[in-house]
Amino acid sequence: MKEILYRNLRLKLIAITLAVSIGPLILLGMAIYYQFGNLYKDRIEDQIRTLARSQSNAVDVFLRERTTILAMIVETQPFETLSKQDNLARLFTQINQRADDLGLVDIGVIDKHGYQLAYSGPYNLKGLNYYQQPWFDEVLRRGKFISNVFMGFRQVPHVIIAVKGITGNDPWILRATIDSEVFNRMVRNAQVGTTGDAFIVNREGVFQTTPRFDGVILGNSGIQTQRFGEDSTVIAKRDETGDTRYIGGVWLKNREWMLVISQIAGQEHGWMSNARNTEIMIIAIGCLVIVIAIVMISNTLVRHLEQTDREINELNSQLMQQDKLAALGKMAAGIAHEINNPLAVIGEKAGWMEDLLDEEEFQNSENYKEFFSSITKIQEHVDRARKITHNMLGFARRMEPHLDDVDVNRVLDQTIDILSNHARINDIEILKHFTDHLPVIANDQSQLQQIFMNLINNAIDAIGNNGTIDISTQLEKDHITVSVHDNGPGIPEAIQKKIFDPFFTTKMNGKGTGLGLSISYTIIEKLGGHITLESHEGEGTTFVVHLPLVLPEKK
Amino acid sequence: MQPFRILVVDDETDFLETIVNRLNRRKLDARGAASGEAAIDILKQELYDVVLLDIKMPGGMDGIETLREIKRIQPRVEVILLTGHASVETSIEGMKQGAFDYLLKPMKFDELLTKMAQAFEKKTPTTKRSVTPRSRN
Numbered sequence: 027m028k029e030i031l032y033r034n035l036r037l038k039l040i041a042i043t044l045a046v047s048i049g050p051l052i053l054l055g056m057a058i059y060y061q062f063g064n065l066y067k068d069r070i071e072d073q074i075r076t077l078a079r080s081q082s083n084a085v086d087v088f089l090r091e092r093t094t095i096l097a098m099i100v101e102t103q104p105f106e107t108l109s110k111q112d113n114l115a116r117l118f119t120q121i122n123q124r125a126d127d128l129g130l131v132d133i134g135v136i137d138k139h140g141y142q143l144a145y146s147g148p149y150n151l152k153g154l155n156y157y158q159q160p161w162f163d164e165v166l167r168r169g170k171f172i173s174n175v176f177m178g179f180r181q182v183p184h185v186i187i188a189v190k191g192i193t194g195n196d197p198w199i200l201r202a203t204i205d206s207e208v209f210n211r212m213v214r215n216a217q218v219g220t221t222g223d224a225f226i227v228n229r230e231g232v233f234q235t236t237p238r239f240d241g242v243i244l245g246n247s248g249i250q251t252q253r254f255g256e257d258s259t260v261i262a263k264r265d266e267t268g269d270t271r272y273i274g275g276v277w278l279k280n281r282e283w284m285l286v287i288s289q290i291a292g293q294e295h296g297w298m299s300n301a302r303n304t305e306i307m308i309i310a311i312g313c314l315v316i317v318i319a320i321v322m323i324s325n326t327l328v329r330h331l332e333q334t335d336r337e338i339n340e341l342n343s344q345l346m347q348q349d350k351l352a353a354l355g356k357m358a359a360g361i362a363h364e365i366n367n368p369l370a371v372i373g374e375k376a377g378w379m380e381d382l383l384d385e386e387e388f389q390n391s392e393n394y395k396e397f398f399s400s401i402t403k404i405q406e407h408v409d410r411a412r413k414i415t416h417n418m419l420g421f422a423r424r425m426e427p428h429l430d431d432v433d434v435n436r437v438l439d440q441t442i443d444i445l446s447n448h449a450r451i452n453d454i455e456i457l458k459h460f461t462d463h464l465p466v467i468a469n470d471q472s473q474l475q476q477i478f479m480n481l482i483n484n485a486i487d488a489i490g491n492n493g494t495i496d497i498s499t500q501l502e503k504d505h506i507t508v509s510v511h512d513n514g515p516g517i518p519e520a521i522q523k524k525i526f527d528p529f530f531t532t533k534m535n536g537k538g539t540g541l542g543l544s545i546s547y548t549i550i551e552k553l554g555g556h557i558t559l560e561s562h563e564g565e566g567t568t569f570v571v572h573l574p575l576v577l578p579e580k581k
Numbered sequence: 015m016q017p018f019r020i021l022v023v024d025d026e027t028d029f030l031e032t033i034v035n036r037l038n039r040r041k042l043d044a045r046g047a048a049s050g051e052a053a054i055d056i057l058k059q060e061l062y063d064v065v066l067l068d069i070k071m072p073g074g075m076d077g078i079e080t081l082r083e084i085k086r087i088q089p090r091v092e093v094i095l096l097t098g099h100a101s102v103e104t105s106i107e108g109m110k111q112g113a114f115d116y117l118l119k120p121m122k123f124d125e126l127l128t129k130m131a132q133a134f135e136k137k138t139p140t141t142k143r144s145v146t147p148r149s150r151n
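Here the protein sequences line up with chains A and B, keeping their order. Quick note on the numbering used here: the first sequence kicks off at 27 and runs consecutively. Quick note on the numbering used here: the second sequence kicks off at 15 and runs consecutively.
The hints are simulated quantities; they were obtained by calculation from the structure and are not laboratory data. Where a beta carbon is used, it is the ideal one built from N, C-alpha and C, also for glycine. Be careful, since some hints might not be right.
Here are the computed distance ranges between Cβ atoms for each label pair [stated by the list, open to error]:
id, chain 1, residue 1, chain 2, residue 2, range
1, B, Gly112, A, Asp349, 14 to 24 Å
2, B, Met109, A, Glu340, 36 to 46 Å
3, B, Thr27, A, Glu387, 22 to 32 Å
Where chain A lies over chain B, by a calculated footprint (3+ residues, C-beta under 8 Å) [as the list claims (entries may be wrong)]:
id, segment
4, 26 to 38
5, 116 to 128
Pulled out of the complex, with its shape left as it was, chain A reads as follows (with noise of 0.2 Å):
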């Protein structure tokens, strides 16, 4: 019943301790966590604009650079000397020789009906008719156009830069290509990391340049592009593994290029998962600390709580205890003062026949024998009867302790010798075992006897014949202890808790009064001691008595 009540307590104590303390840890470690995480996503959403913006400039730029280049050919040389296969040859030569890395592929000539005129290059484009081609149309409207990337003739992907010239009153077309593979290499330096990607699509999402992940040139690539705003964006998706990709769109070429960056910040992978693992390992291993130190405590403070309600218990049942035997004393002293009076009554009537008895007339009585004998019958027992009243007046004695100079060696010496004769009739040694020089200790004298002279009684009856009695005396540290122990058979554990009550007896029929423990018990808590008991049956029975080491003061 109690042990639920410890057990309840003690979890109660580590539920609370546990909730209160790891709770808030928990949620800090969230909580940081999180804007950790914002501030990561911020970072990384920052970096790929960054990235996007510088890309996509350096894109355009290249454009535009190369556009200028057609449009300043188409304003300064004239249509006749260009549309010589011959001029326009030895002028893209001399262009590349200039310029490293212009990237120009070929160059043409087209006239207002679409035929090429001149061509330079590497394919023999030399006469075809671009009349029907779309992007036709449209440098003639606009004076200049650059192409998505597509396969063309040459069934290689690449991008046309044209710019419309005017002669007279007939237009014309200065036309060059560049190798997608120029974008690739360009897009290339943003592939930052291992998962990192760049690339360029078109406004249908049509891969302009070779991803690094998932796709190939002209492929489609899934983004729709109509989600990006004017500038550039970043919007996060979830992909099927946990990660979080971010994607970086940033418009270029009059916005039908956009340039896409993309990330992952894994929450699975990387180091905002590694961020993440380092903090849950701290908070489990405090948590764990937290967890050890709470069961540690809750058991420390339960384990005393339940010792003190031991002691406390112990302490009441002692109480109990003499409360017990004072109620009972005080009722022993009034039962033994109403019998004493009539007692003593019997037998002075009882004695006053026995003085009669001696007159002559008596003596001749045929009965005088029969009178006699039950004359000394009730005077035996009226003797018998004042034993027990006057034992139990002698319980119920309420005196204040007389502290003499004990040397309870010689007291117990003095008790060993008035008990010999009576253990020697049977059979019973008694052995001294006695410390020497025990300091001589304030105490009640005459008390202390009667309580050695009971216990030593008390271990002859035990024996009852041929046995031993061991007396020994020991000083320990703030008492001495003074064992009796006998070999007799022991006390039943059922009723070593009787033992020190009032009227509890074992011993025959009129032959005990069941007060001679429990007068002892309450002198010895009068007198600052207590007396233990250690009995196995069958193996006989200690008692000790142990006496508080006050020393006598000064005189």
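We have chain A already, so just place chain B on it with the hints.
Relative to the frame of chain A, chain B by itself:
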């Protein structure tokens, strides 16, 4: 045993009469008084050697009071206290007031005789010198 004068004071008349009878039978000059007041009255008239006084008497003067009064009237008389009661304190108090000894009821008659003889012996050597208080009464 040298005969001497004894006054027995007890409110239990059965006890009182029997004790007086038994003492008289042993050639002692004993007389009974059933209360403290009666005892005082008698002691004012006659001299006694030993008084046997029951310490606990209901009503009237209690034992200690009677003892004090007895000692006032006859300082030389030896008083043996009788008690059937647990109040050893009262007995001790009685001893302090000058009683010779105390006995717990019921006592053995022989014991009583011995105590009285001792009390008388204690008194005797001084009796001869104590002429003055006697004559004063």
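Comparing the hints with the structure gives:
{"no.": "1", "hint": "B:Gly112 / A:Asp349: 14 to 24 Å", "result": "38 Å, violated"}
{"no.": "2", "hint": "B:Met109 / A:Glu340: 36 to 46 Å", "result": "40 Å, holds"}
{"no.": "3", "hint": "B:Thr27 / A:Glu387: 22 to 32 Å", "result": "27 Å, holds"}
{"no.": "4", "hint": "26 to 38", "result": "holds (count 7)"}
{"no.": "5", "hint": "116 to 128", "result": "holds (count 6)"}
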